[in-house]
Amino acid sequence: MTVTTAEPLRLGLLRLTDSAPAIVAHELGYFADEGIEVRLSVEPSWANVADKLAHRALEAAVMLPPLVFAIALGLRGRAEPLVVPYCVSQGGDAIVARTDFAAKIASGPDKARAFVAALRAQPDPTLGVVHDHSTHSLLLRYWLASAGAVAGRDYRLIVTPPAQTVEALESGRILGFCAGAPWGEVARRAGVGETVATSDDVWRSAPEKCLAARRSFAQSRPERLAALMRALYRAAAFCEARDNAPYVASLLARATYLDLDSHAILASLPGGTQAGARPRFFAGAATFPWRSHGLWFLGQMRRWGLVPEETDAAALVASVYRPDLYRSALGGVGAAAPDGDMKIEGAHAEAWTLPAGTGAIPMGPDTFCDGALFDPARA
Amino acid sequence: MVGSPHASSAPSFRFMTPKIALVDARPERARQLLETLAGAGFQNVALATSGPDLVDRLAALKPDIVVMDMALPDRDALEGVRNIAAASAGPIVMFADADDPALVEEAIGAGVISYNLSGVSSRDMKAILASAIALYRRNSKVEAELAAAHGALDERRVIERAKAALMAKHKLTEPQAYRQLRTRAMNESRKIADVAAEIAGDSRKAP
Chain A
1 MTVTTAEPLR LGLLRLTDSA PAIVAHELGY FADEGIEVRL SVEPSWANVA
51 DKLAHRALEA AVMLPPLVFA IALGLRGRAE PLVVPYCVSQ GGDAIVARTD
101 FAAKIASGPD KARAFVAALR AQPDPTLGVV HDHSTHSLLL RYWLASAGAV
151 AGRDYRLIVT PPAQTVEALE SGRILGFCAG APWGEVARRA GVGETVATSD
201 DVWRSAPEKC LAARRSFAQS RPERLAALMR ALYRAAAFCE ARDNAPYVAS
251 LLARATYLDL DSHAILASLP GGTQAGARPR FFAGAATFPW RSHGLWFLGQ
301 MRRWGLVPEE TDAAALVASV YRPDLYRSAL GGVGAAAPDG DMKIEGAHAE
351 AWTLPAGTGA IPMGPDTFCD GALFDPARA
Chain B
1 MVGSPHASSA PSFRFMTPKI ALVDARPERA RQLLETLAGA GFQNVALATS
51 GPDLVDRLAA LKPDIVVMDM ALPDRDALEG VRNIAAASAG PIVMFADADD
101 PALVEEAIGA GVISYNLSGV SSRDMKAILA SAIALYRRNS KVEAELAAAH
151 GALDERRVIE RAKAALMAKH KLTEPQAYRQ LRTRAMNESR KIADVAAEIA
201 GDSRKAP
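In the order they appear, the protein sequences are chains A and B. If you read the first sequence in this note's numbering, its first letter stands for residue 1, the second for the next number, and so on. If you read the second sequence in this note's numbering, its first letter stands for residue 1, the second for the next number, and so on.
So that you can see chain B by itself, here it is in the shape it has in the complex (with noise of 0.2 Å):
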């Protein structure tokens, strides 16, 4: 998600010109929503049918937004948002004819950031998708304080472990440790964190 073009532009702008990306719309629909996208000021839009190669051809576009229509989702049309989702770094904005709750939940979970019934206006075409590249935004934003936090929990640990294993080894206190292990971090211009997963590597699966 990090340097996606959505992380480093003025949010203003891109959205003036935003790249949209209309998948799996049978033609008299996907007139419809063109229209509507047309008239909600989107006129940068790109026509994809689903395939074997969908995931490859919207790699190829690089599209802002991902917008799929489709009357009744299923399980197998969900399988698909989940690769898209996998591969894409933008919002995916859904439009269906069914409202059943579960589904909703099925599609967010697949990936889906706005799930909206068909026939929407081209006002509220402009609030939805504003509103999805927000809220794709902070989810990103969300995700990767995530995996940073947790990469420096993996980190901490293995620093326990490294203490551990030195104090074991050498008859060290923990302060004794510790300063050993950022000696050698500095000495072998390393990261304290490798240093350590090195020294708690043997240890790693005792006892």
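Isolated chain A, as found in the complex (with noise of 0.2 Å):
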């Protein structure tokens, strides 16, 4: 047994089923393994975790990539140069409607349009989203502009954390929100909010979070960042085997985690009747940090305004997104890379295979909602 003395890692994360791989490395002892002693900081909001990353009270979080380019930016108080040398989930995001307003909306094949149809006919129709700099808050905008609605035009867009969107929708405040799993079972159980869409629905394949860490910390600690990630690798692929999902189920509905009826996680793990809104762990490469992910974040912040126009995104990418990092921690384990940094994103409506100098990856759908091609060199 060696006693470590260098001070504990500090990692932080949210009320959220894709926090499970941090929690299973830790709980199962995968960061001991490691040699790197890490400890959990469960946050209550978004906000938090950024401040905490900006005046260095964390040293890594289980982030939202475009939260990432808005504290490297300083666009939210302090700025902090941030990497992303490694991707945490693919997916999981549920779009709910309270049930009064799900109720109105009409069923067919273009769900988005239908959404937008019943939303016009609310006066002052409001729905909530994670945070500004969230993914939830680029694919609702994304989907609901395919059906042309606006944000700011034609409905307000509120935040809401995660952990009080439920309350949001029964107080009335929202009549919809977007929100990471297991939320949208949660107000779905709670019999006031029904998930009419999901990540899926919007882009297929869409990254999710992301392993942020402090770049001072990545440049004076590298072994350090490269053990955190071999240890969230390795719990992936035990989040993901169907076989483990009760455990998970039970061990995030702890007090200290989720603190959440442990089926209503269970429906948002492999093998959960929550379909769509289930978070992807490792299959499909979904752990690589792909920079063609970071230019379409950065491509949606500038669409909405939520960015300066002047930005370098080509730049500011090169720097955040670290697929080099993630290589040379992860190469040694015989993980599956691929020999890219970015891909032509909403090119596969099936199933495709990924040529690689690991091995062939085989890799899931990516095609958007509105059919769209989003060509890296070109952004």
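If you're looking for bench data, these hints aren't it; they were derived computationally from the structure. Among the clues, some could well be false.
Okay, the calculated beta carbon distance ranges per label pair [to be verified]:
1) B:Gln176 x A:Gly340: 43 to 49 Å
2) A:Arg303 x B:Pro101: 53 to 59 Å
3) A:Pro365 x B:Gln176: 34 to 40 Å
4) A:Arg378 x B:Pro101: 39 to 45 Å
5) A:Asp243 x B:Glu106: 50 to 56 Å
6) A:Ile158 x B:Gln176: 42 to 48 Å
Partner residues aside, some chain B positions facing chain A, computed with beta carbon under 7 Å [unchecked claim]:
7) Leu47
8) Ala149
9) Arg157
10) Glu160
11) Arg161
12) Ala164
13) Glu174
The structure displayed is predicted, hence computed values, not measured ones. In this text, a Cβ means the ideal position worked out from N, Cα and C, and glycines have one as well.
Both chains come to you apart, so use the hints to assemble them.
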């Protein structure tokens, strides 16, 4: 037994299903196996995580890629250089409508159009997202824009932290929200909301949470960051295995973590009933930090005026997204790593195979709801 | 550290007659230190010169305090300190002529508990040795607690792995998995952590 004398690495996370790999790595001792001591810090909102990263009260966090850019650019509070060397999950967000509002949405193949039609019939329609600079905000805006509705013009967008979404829905402050699992299922169980669309309805294989670390930490303690990534990768494989879902659900349900009914969490784990709103942790190179993802997020942030027009997206993505760190940390453990750092997004309506030096990688479909192609070379 | 003579004896009584090993002093400096120690009431002092078997000789001597004296501690000397600290169950007090902060830090890192400039008075010597013993005891206690805490942490992780393995294999709920662990431990008169380690053994390096 070695007694670690180094300060524990502080890792921030929220009460969400896609915190699972970090919680599993902690509880099953994967961090300890890699020789690092990690202190998990369960935060009430994304703003708290962002502040703690910016003020160096956390070394790393399970993070939203758009918020990483916002912190790096100093768009909210203190600026702090961050790196994204690893991704934590794909998909898993639910667009939830209040039960009475859901009843007014016509059924049919074009869910976005039906949602917008019902939205337009409401006085002062207001929707909640978990943060201004969130994947949820960008996916919801993208989805509604595909049916002609623009935030600020056709509906109001307000911030409701994930754990407050159900209460905000119940109180009538919002008609619906977009939040990560398991909050869609929690709203359903509370009888206040219904999931009408998911990440997959907007962008199949949409990148969701990433691992963000302070750049000064990544530079001064590269071996600790690499150890963190290896432990998370091992935990991601554990979380993706269907047989482990009941254990992962019970673990996440504990009062120190999500503090929710384990059945609500189980629905958003592999094999669960929340189809479409289940995060994917491992397969399809889900843990690889594609620079094309970073460029897409920044492009959408610019589209909605969330970043200054003059932001040099290519330079920012190159300094933040670090597939080189991914390869050097995980190359030794046989992780599948794509050869390139970017790919065209939205080109595959079916499952496909990505050839790679580490062995061909089976990939999932990645189309957008509006059929767009995102070519990072032209971004 | 647990089971060392300091842990179980009354401090005031032990402090009256601690056995001191004086290491590495040159004859002239040794005489001075012996006088200072005697003046402070410490009569039970054995001289030990450094050499390849110093650690063994100290082990045989079982001193309560090791006092080292060197004009200028160098890297080799500090390596010697490290070996003594690893083998001994008492505080190491060092007297030297140099007070370079980096050197002090290295000496402390090597296991010295109290670093002092040479030429202290008998009155100071009494306080230095008393505080060295007190500090050493406190450190030992913290180390023992830390080791116990880490042991408990390791056990908890092994139990988590075993629960996960049982739940996946036999489609159990978490309470059922824990009950199974507990029942097996009781039936076999073993610790839960031991049973858990056996169950988790296969999946320890998985996936």
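Taking the hints in turn, this is what the structure says about them:
For Gln176 (chain B) and Gly340 (chain A), the Cβ-Cβ distance of about 47 Å falls inside the hinted range of 43 to 49 Å, so the restraint holds. The beta-carbon spacing between Arg303 (chain A) and Pro101 (chain B), approximately 57 Å, falls within the hinted interval of 53 to 59 Å. Judged by the Cβ atoms, the range 34 to 40 Å given for Pro365 (chain A) and Gln176 (chain B) holds: they are separated by roughly 38 Å. Here the CB-CB span from Arg378 (chain A) to Pro101 (chain B) is close to 59 Å, at odds with the stated 39 to 45 Å.
One distance hint, 50 to 56 Å for the beta-carbon pair Asp243 (chain A) and Glu106 (chain B), holds here, with the actual separation near 52 Å. The hint said 42 to 48 Å for the Cβ distance between Ile158 (chain A) and Gln176 (chain B), and at roughly 44 Å that hint holds. Interface restraint check for Leu47 (chain B): the shortest CB-CB distance to chain A comes to about 35 Å, outside 7 Å, so the restraint is violated. Contact between Ala149 (chain B) and chain A, as hinted, is not supported at the beta carbon level, the nearest pair being about 9 Å apart and thus beyond 7 Å.
Interface restraint check for Arg157 (chain B): the shortest CB-CB distance to chain A comes to about 3 Å, inside 7 Å, so the restraint holds. For Glu160 (chain B), the interface hint holds, the least distance from its beta-carbon to any beta-carbon of chain A being 5 Å, beneath 7 Å. A distance limit of 7 Å between C-beta atoms decides the matter here; for Arg161 (chain B) the minimum to chain A is near 5 Å, and the interface restraint holds. Taking 7 Å as the C-beta cut-off, the interface hint given for Ala164 (chain B) holds, the closest approach to chain A being about 4 Å.
Hint on Glu174 (chain B) holds. Least Cβ distance to chain A is approximately 4 Å, under the 7 Å limit.
Comparing the model with each numbered hint stated earlier shows that hints 4, 7 and 8 do not hold.
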